[in-house]
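Visitor: Sequence:
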Amino acid sequence: MPNTQTHSLIKLNKMTFYAYHGVLPQEAVLGAHYEVDAELSVDITSAALNDDLAQTIDYGMVYMLIKTEMTETRQQLLETLAYRMAHKLLETFALVDRTTIAVRKLHPPLGGECHSAEVSYTFIRS
Numbered sequence: 425m426p427n428t429q430t431h432s433l434i435k436l437n438k439m440t441f442y443a444y445h446g447v448l449p450q451e452a453v454l455g456a457h458y459e460v461d462a463e464l465s466v467d468i469t470s471a472a473l474n475d476d477l478a479q480t481i482d483y484g485m486v487y488m489l490i491k492t493e494m495t496e497t498r499q500q501l502l503e504t505l506a507y508r509m510a511h512k513l514l515e516t517f518a519l520v521d522r523t524t525i526a527v528r529k530l531h532p533p534l535g536g537e538c539h540s541a542e543v544s545y546t547f548i549r550s
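Heads up: take any position in the sequence shown, counting from 1, add 424, and you land on our numbering.
By construction, these hints were calculated from the structure, which means they are not laboratory data.
Don't take each hint at face value.
[Claimed, not checked] Below, in silico cross-link-like pairs of lysine to any residue (SDA-like), each with a Cα-Cα straight-line distance of 25 Å or less:
| hint | residue 1 | residue 2 |
| --- | --- | --- |
| 1 | Lys512 | Gln450 |
| 2 | Lys435 | Asp476 |
| 3 | Lys491 | Ser540 |
| 4 | Lys512 | Gln499 |
| 5 | Lys438 | Tyr458 |
| 6 | Lys491 | Pro449 |
| 7 | Lys512 | Met488 |
| 8 | Lys438 | Arg498 |
| 9 | Lys438 | Tyr487 |
These numbers were taken from a predicted model, which means no experiment stands behind them.
Please work from the sequences and hints to get the whole structure.
Guide: Encoded structure:
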């Protein structure tokens, strides 16, 4: 087999949560709808060749880590949420080389019509 490089992405898209993040006092009381996308760069070659979950990332564990951050913490900023989730994913999963987290607050209280506000954060293992 010739020398090759592989690049694989595992993505969990539009995970939805109702949570209580935000700067405004009413956001802590009323809450809001959120979406989170997670993209993890992982070499899946061994897992694919052996059909073995132990050689890749368990999607359920990724979801639970994100769910915990979204529903059991209270942050003012989307930036903080994205940062914390990205770093926790790299701390938890040694196979992950890079992760990008996008956090969207649906219909944010901006004084006008806006479908969502989004922050995306990428963290690369050094």
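Visitor: Honestly, which of those hints from before does the structure not fit?
Guide: 1
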